[in-house]
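Student: The primary structure of each chain is shown beneath.
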Amino acid sequence: MKNTIQQVFHSRKFVTGFSIFMALLLIVFFYPFLIKDDPLAIIGQGNFFPPGIYVNVYDSLHSTTYILNLDDAAVKRIGNTLGDQERQDIKDWLVAYGIPEDQIDIDNTKQLLTQWEENYDPNISVTDMTFARQRYYERIDTSLKGLLSTEGMIIAKTNPQTGVLEQTDTIEQSEYADISEVANIKVLPLGTDNFGRDVLTELVKATGVSLQIGFIAGTIATLIGLFLGLLSGYVGGLMDDIIMFFTNLFTVIPSFVLLILISFSIGQDNRGASTIAVVIGFTSWVWTARAVRSQVISLRNRDHVNLSKLSGHSTFHIIINDILPYIASYVIMALILQISSAILAEASLSILGLGPRTTEIPTLGLMMNWAMIYQAQILGKWWAYFPVIVMIALITFSLNLMNTGLDQVFNPALRD
Amino acid sequence: MKGYRKYFVNKLLWLLVTTFFAFILNFILPRLMPGDPVAAITARIAQGMSNSTGMKEFYQQYADLFGTNKPILEQFFLYIKNVVHGNFGTSFSQYPRPVLDIIKSSVVWTVCLQFPAIIFGWIIGNTLGALAAYTKKGFDKVLMPISIFVSNIPAFGMAVILLVIFGVNLKWFPTSGGYGFDLIPTLSWRFIWSVIVHYQLPFWSIVATAIGGQAIGMRSMSIYELNADYVKYSRFMGIKDRKIVGYVFRNAMLPQVTGLALSVGTMVGGALVAEIIFSYPGLGYTLLNGIMGQDYPLISAVTLIITMMVLLANFIIEIVYGLIDPRIKAAQSD
Numbered sequence: 001m002k003n004t005i006q007q008v009f010h011s012r013k014f015v016t017g018f019s020i021f022m023a024l025l026l027i028v029f030f031y032p033f034l035i036k037d038d039p040l041a042i043i044g045q046g047n048f049f050p051p052g053i054y055v056n057v058y059d060s061l062h063s064t065t066y067i068l069n070l071d072d073a074a075v076k077r078i079g080n081t082l083g084d085q086e087r088q089d090i091k092d093w094l095v096a097y098g099i100p101e102d103q104i105d106i107d108n109t110k111q112l113l114t115q116w117e118e119n120y121d122p123n124i125s126v127t128d129m130t131f132a133r134q135r136y137y138e139r140i141d142t143s144l145k146g147l148l149s150t151e152g153m154i155i156a157k158t159n160p161q162t163g164v165l166e167q168t169d170t171i172e173q174s175e176y177a178d179i180s181e182v183a184n185i186k187v188l189p190l191g192t193d194n195f196g197r198d199v200l201t202e203l204v205k206a207t208g209v210s211l212q213i214g215f216i217a218g219t220i221a222t223l224i225g226l227f228l229g230l231l232s233g234y235v236g237g238l239m240d241d242i243i244m245f246f247t248n249l250f251t252v253i254p255s256f257v258l259l260i261l262i263s264f265s266i267g268q269d270n271r272g273a274s275t276i277a278v279v280i281g282f283t284s285w286v287w288t289a290r291a292v293r294s295q296v297i298s299l300r301n302r303d304h305v306n307l308s309k310l311s312g313h314s315t316f317h318i319i320i321n322d323i324l325p326y327i328a329s330y331v332i333m334a335l336i337l338q339i340s341s342a343i344l345a346e347a348s349l350s351i352l353g354l355g356p357r358t359t360e361i362p363t364l365g366l367m368m369n370w371a372m373i374y375q376a377q378i379l380g381k382w383w384a385y386f387p388v389i390v391m392i393a394l395i396t397f398s399l400n401l402m403n404t405g406l407d408q409v410f411n412p413a414l415r416d
Numbered sequence: 001m002k003g004y005r006k007y008f009v010n011k012l013l014w015l016l017v018t019t020f021f022a023f024i025l026n027f028i029l030p031r032l033m034p035g036d037p038v039a040a041i042t043a044r045i046a047q048g049m050s051n052s053t054g055m056k057e058f059y060q061q062y063a064d065l066f067g068t069n070k071p072i073l074e075q076f077f078l079y080i081k082n083v084v085h086g087n088f089g090t091s092f093s094q095y096p097r098p099v100l101d102i103i104k105s106s107v108v109w110t111v112c113l114q115f116p117a118i119i120f121g122w123i124i125g126n127t128l129g130a131l132a133a134y135t136k137k138g139f140d141k142v143l144m145p146i147s148i149f150v151s152n153i154p155a156f157g158m159a160v161i162l163l164v165i166f167g168v169n170l171k172w173f174p175t176s177g178g179y180g181f182d183l184i185p186t187l188s189w190r191f192i193w194s195v196i197v198h199y200q201l202p203f204w205s206i207v208a209t210a211i212g213g214q215a216i217g218m219r220s221m222s223i224y225e226l227n228a229d230y231v232k233y234s235r236f237m238g239i240k241d242r243k244i245v246g247y248v249f250r251n252a253m254l255p256q257v258t259g260l261a262l263s264v265g266t267m268v269g270g271a272l273v274a275e276i277i278f279s280y281p282g283l284g285y286t287l288l289n290g291i292m293g294q295d296y297p298l299i300s301a302v303t304l305i306i307t308m309m310v311l312l313a314n315f316i317i318e319i320v321y322g323l324i325d326p327r328i329k330a331a332q333s334d
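Going down the list, the sequences are from chains A and B. Position 76 of the first sequence, counted from 1, bears residue number 76 in this note's numbering, the numbering being contiguous throughout. Position 5 of the second sequence, counted from 1, bears residue number 5 in this note's numbering, the numbering being contiguous throughout.
Straight-line distance between alpha carbons at most 20 Å, and here's what the computed EDC-like set of lysine to aspartate or glutamate pairs gives:
#1 B/K11 with A/D241
#2 B/K141 with A/D407
#3 B/K136 with A/D407
#4 A/K91 with A/D105
#5 B/K171 with A/D84
#6 A/K76 with A/E117
Because the hints were derived from the structure by calculation, they are not lab data. Fair warning: this is a prediction, and the values are worked out from it, not measured in the lab.
Go ahead and model the full structure; you've got the sequences and the hints to work with.
Tutor: Following this line, the structure appears as structure tokens:
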């Protein structure tokens, strides 16, 4: 036993898969201790806030200010407000005005602005331009001038008695706040989802729930498969025929279809994560049953089993002591595969809208489903779906690596 | 051909038996659930309806349609009769369109998309797997980790990734639908071209997911075969490597064909979800619409059709297997 485990941990593939999987488990386990937010709390008003560090504007106004005189501050400020479309429009005007196209770089804000300031004159009429277009450029020019102005901004408050605005403070353009002194900062490493929930916290919780679904479904499927496989392989005869008939039947009838039918019939209100897990478990035992049966048949007439029979041991005793230890490796491998396929099955079901009911817990499939319903993929909100895909791929990848590693240990022919 | 005929009849019988059980499951699973399915359906339809006579009318109508007020055996025969006549009832969500009509218009898309894609992915995967097993160093070292990782990206994930890269960012292919939304299905060049363009992303996403798993399976099979005694014997005999690889490939192929038969159900399931990502007008998308619209007759019919398709595909693969496996041909001499 010890020797086997040592051998298993010498397999590079197994160790890689095992470390990835353990890392995921540790993250899922310890993350809630570090960040105690409710994973489904709706914090963002509006959907799909991009990943970033969110600084409270109100608090930063009230924190200590420092004057920093930086040369490129103005350019950066304008560069940030100037959209791609406006940059393109400015370039179009400059080209029409007569500046060679290769001298204009719309990504170089400083150069672009200098060129604009030097050349733009509202009185010059560039050829082929409608009046509305001319007005548009005048507006751009005014707004740029407004941005370039060096005056600060006035903060005013409404006086509760008179209802008149009263100036309370001014902010200069060169004022800075130290981020560590601002009271409220929210780091959203993966932004928010369509409901305005923190994607990272939700993802970790969802990974935990999906893994649980995988474990429950995998255990149920393995137990059923093991039981049926032992029964049909060891007892044989009519029992074998009946069990094999149903095993073959459920091999060809796609389990996906059964899953859909059962989950739909259960109804939205009764579909919790554990129900889904049980349903998945009950529809995916086929492969384990087949594998166990073929192993048991090859073991059934070995000498040590016959010896056990002659010594008068009970069938139960023989199965536990003389059969199970020999098929344990296959059963564990099957369990690992079942877990990963159960996680995938949950995800597919959820995308179809047949996953666990949506309000209480997130699962990886549900997150994917929400992202798809809100068209995150078309809108380019990668943080809503890509981490989910990566997470699913990582889980199945690590489990499959462990499986191939075990396979190579137990089937020497496959070793490199 | 006596041996083969026996094999064929055997497989045909098995097809009939599995079809029969597919019918039973499709019939019985929704009815096994606690509660009255008809009551549940009427509750969904009559949401917000306060008129109790109207509710009763609804209930009566659906109870008659599904025959739930009759004994279970009679219900089953009614169900079989309806299915054989192609009468799947009327869709709830696309009322008053008959379900058969909806299925007819979507099944073609699914068949034309999935089966070529699965077969193509299978062929490429097997070729790559065999190459990896044969070359071992280099190619194998690079290819295997990649295919292991790629095969672990779920079908819908692959679909989304391809969609974002080639549909949204590069804008090479349209992101949704089976043909341009401004076109009416006709046999014009414009329509055919539109169909071809819309076909690419769903097709390649299914192919990409199929390749990885098949390559890994074929590699293990080929490694087994390469270590077999007949290979060593052939080497001692001085038979050319190229010829030996041919033998090995043929022998390793056989379990892969069976593997295809066994996994075609899972693959179709994954591909249905990929269809949904691309809003491809096939069965997967129809199924999604059915689930969204709580459309029981549509869901029941779609799941039945999918099962039938998988069973039929299985049957065809097994028949082909019988033709290429020499052991089944050899059985005729017994």
